[in-house]
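Protein chains: 2
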Amino acid sequence: MSGPAFSDVLAAAARIAPHVHHTPVVRSHLLDEWAGAAMHLKTENLQRVGAFKMRGATNAVLQLSDEVAARGVAAHSSGNHAQALALAARVRGIPAHIVMPRDAPAVKKAAVAGYGARIIECEPTQAAREAAVADVIAETGAVEIHPYDNDHIIAGAGTAALELMREVTDLDAVVAPVGGGGLLSGTSLAVHGIDPAVRVIGAEPLAADDAARSLAAGHPLPQPSPTTIADGLRTGLSERTFAIISAHAEQIVTVTEDQIVEAMRMVWTRAKLIIEPSAAVAVAAVRSLDLRGARTGVILSGGNVDLDALPW
Amino acid sequence: MSGPAFSDVLAAAARIAPHVHHTPVVRSHLLDEWAGAAMHLKTENLQRVGAFKMRGATNAVLQLSDEVAARGVAAHSSGNHAQALALAARVRGIPAHIVMPRDAPAVKKAAVAGYGARIIECEPTQAAREAAVADVIAETGAVEIHPYDNDHIIAGAGTAALELMREVTDLDAVVAPVGGGGLLSGTSLAVHGIDPAVRVIGAEPLAADDAARSLAAGHPLPQPSPTTIADGLRTGLSERTFAIISAHAEQIVTVTEDQIVEAMRMVWTRAKLIIEPSAAVAVAAVRSLDLRGARTGVILSGGNVDLDALPW
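Read top to bottom, the protein sequences are chains A and B. Quick note: the first sequence uses this note's numbering, first residue 1, plus one each step. Quick note: the second sequence uses this note's numbering, first residue 1, plus one each step.
Derived by calculation from the structure, the hints in this document are not laboratory data. A few of these clues could be false.
What the hints assert, rightly or not - Derived DEER-like restraints, expressed as beta-carbon distance ranges: (1) A:E139 x B:A294: 43 to 51 Å; (2) A:H219 x B:L310: 39 to 47 Å; (3) A:P311 x B:A106: 20 to 28 Å; (4) A:G93 x B:A5: 33 to 41 Å; (5) B:A106 x A:H219: 18 to 26 Å; (6) B:G218 x A:R265: 44 to 52 Å; (7) B:H29 x A:G293: 33 to 41 Å; (8) A:E139 x B:G293: 33 to 41 Å; (9) A:P311 x B:E67: 47 to 55 Å; (10) A:D195 x B:A17: 52 to 60 Å; (11) B:A197 x A:D290: 48 to 56 Å; (12) A:A113 x B:Q126: 49 to 57 Å; (13) A:D172 x B:A113: 30 to 38 Å.
Said to hold, decoys possible - Some chain B residues judged to face chain A by a derived CB distance under 8 Å, without partners named: (14) A38; (15) L46; (16) G50; (17) T269; (18) L273.
Ideal placement from N, C-alpha and C gives every residue a C-beta, glycine not left out.
Input sequences plus hints: build the corresponding full structure.
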């Protein structure tokens, strides 16, 4: 498996540019003081669908042949990938079939439906989700777009860090959260494609620390029963993302649930940006490191939260 | 009274550039659908101290002679001007004396103190505030920097719209909230200095509609007992701001408290930006107008809110 390369990130950036936001890089002196580092916040919470996922989904959907695309795309997801794939399919004018567990929040189902996707409900188990996707593929001929174990998704995800590296040309380190590893993989390719000397650091919840354990073990380990508030980071690495991350990431920093909530609130309060817990994991990791004022890029991965159920 | 001119806004932009953020212009398709206009959000909530006030305060403080500056600056304010003047003074390395009512939120006092200002507490009445400022000026020789009835403050406030007009070169209209009128005055000078054909529209709470009534009457009317949630917009126009606004603003749109809260929540939910009620007034105004997709600039004036007392 050769996997995606920096050139794929460059190509993705050109391909998706008409359909995604070039998100701003935001600074906050007060947040820097708190974190102990000069943070350059890449605001993917301001991306379409409120998450970096729009980049990969768009890159994947745009590369389908017309014949394949006409049959539609499919995925199981209760998170940001569902919305991103639904919108990317609408951008191309093709069907999207999204398998969502019955207990997914109504607001997430409404968002996916709002982008014109067909929602297939299933029992809230991994087996039921995979079976439902297999059924819809058998029925429609749709192609499955995996949320991270996919070269096009990874290359698309990397375009956020590519924009960041081009805009801030003297970074010392770039920090991104890691769940399934798509974002950190793409970030690795983009950062080291531009400057191999820049440190690439992953951030994950201690309560879902499979990436840290996997790097220590030298092979991907599963993530059984994660309990973190960072709902976007509960998945485990694939062979594909493990290979990229282990080649590029200097370390995976783990943070506690309390650190995640504290960082989330600090970003809301100081930087006036609504970020979800998964994005706060990266900010919490910066504070927990001794970066001594290093110029640090931070990928704020998304901002989809329930305003009526805030964790403080 | 000649008042500030477009050239003053241009000079202010150059003067304050090293000390303030060039804030991004943010788009949100979903927010546009809701509002019925293509909104270009000038994110002054991401400005230093979380509000556009940093621009005017910096412009005013930097224009003091060394001799005057050394004696310090003074103001009475329980809002964003207090923090902005405190930080602007710290930037110049001079004292700031901020009169705040005893019942001002502890978090606001802490923020002002955090910027190194001296806080003088007084009874929560206009008379007590003005007397306390007079006392501190008599005692220290400090110069009062009024929050809006000041040419330098107005010119500095206009630099936000200046940046917006330079970045988005084909706007049809620019909407800004109006309280004392400093922001709308500066916005008027900047917008019409660049393109006199662009519509300048003010937005204010119906519960504090002195600007709308003043424009209708042809002279500034007071704002007795405003009760709006938009705490930044409870003040009334001065002769100075009335003169500029009446010469430039096409209209003042008034919005209800329910419209303000709805718009605030929509910006949080759709655009992932934390804005305060005063900023939401401008967004609510856009929605209430029939702009039919017009390219509209909106000044999001600030983002300082109490996360533990949200209005929904």
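Now the hints, each set against the structure:
1. A:E139 x B:A294: 43 to 51 Å: Taking Cβ atoms as reference, A:E139 and B:A294 lie about 45 Å apart, which means the hint holds.
2. A:H219 x B:L310: 39 to 47 Å: About 46 Å separates the Cβ atoms of A:H219 and B:L310, which means 39 to 47 Å holds.
3. A:P311 x B:A106: 20 to 28 Å: holds, 23 Å
4. A:G93 x B:A5: 33 to 41 Å: This hint is violated: roughly 51 Å between Cβ atoms.
5. B:A106 x A:H219: 18 to 26 Å: violated, 53 Å
6. B:G218 x A:R265: 44 to 52 Å: holds, 48 Å
7. B:H29 x A:G293: 33 to 41 Å: Between B:H29 and A:G293, where Cβ atoms are some 38 Å apart, the hint holds.
8. A:E139 x B:G293: 33 to 41 Å: Roughly 39 Å apart at Cβ, these two residues keep to the hinted range, so it holds.
9. A:P311 x B:E67: 47 to 55 Å: holds, 52 Å
10. A:D195 x B:A17: 52 to 60 Å: Distance hint for A:D195, B:A17 is violated at roughly 28 Å.
11. B:A197 x A:D290: 48 to 56 Å: holds, 55 Å
12. A:A113 x B:Q126: 49 to 57 Å: The hinted range 49 to 57 Å holds for A:A113 and B:Q126, with Cβ atoms some 52 Å apart.
13. A:D172 x B:A113: 30 to 38 Å: holds, 33 Å
14. A38: violated, 14 Å
15. L46: holds, 6 Å
16. G50: holds, 6 Å
17. T269: holds, 6 Å
18. L273: holds, 7 Å
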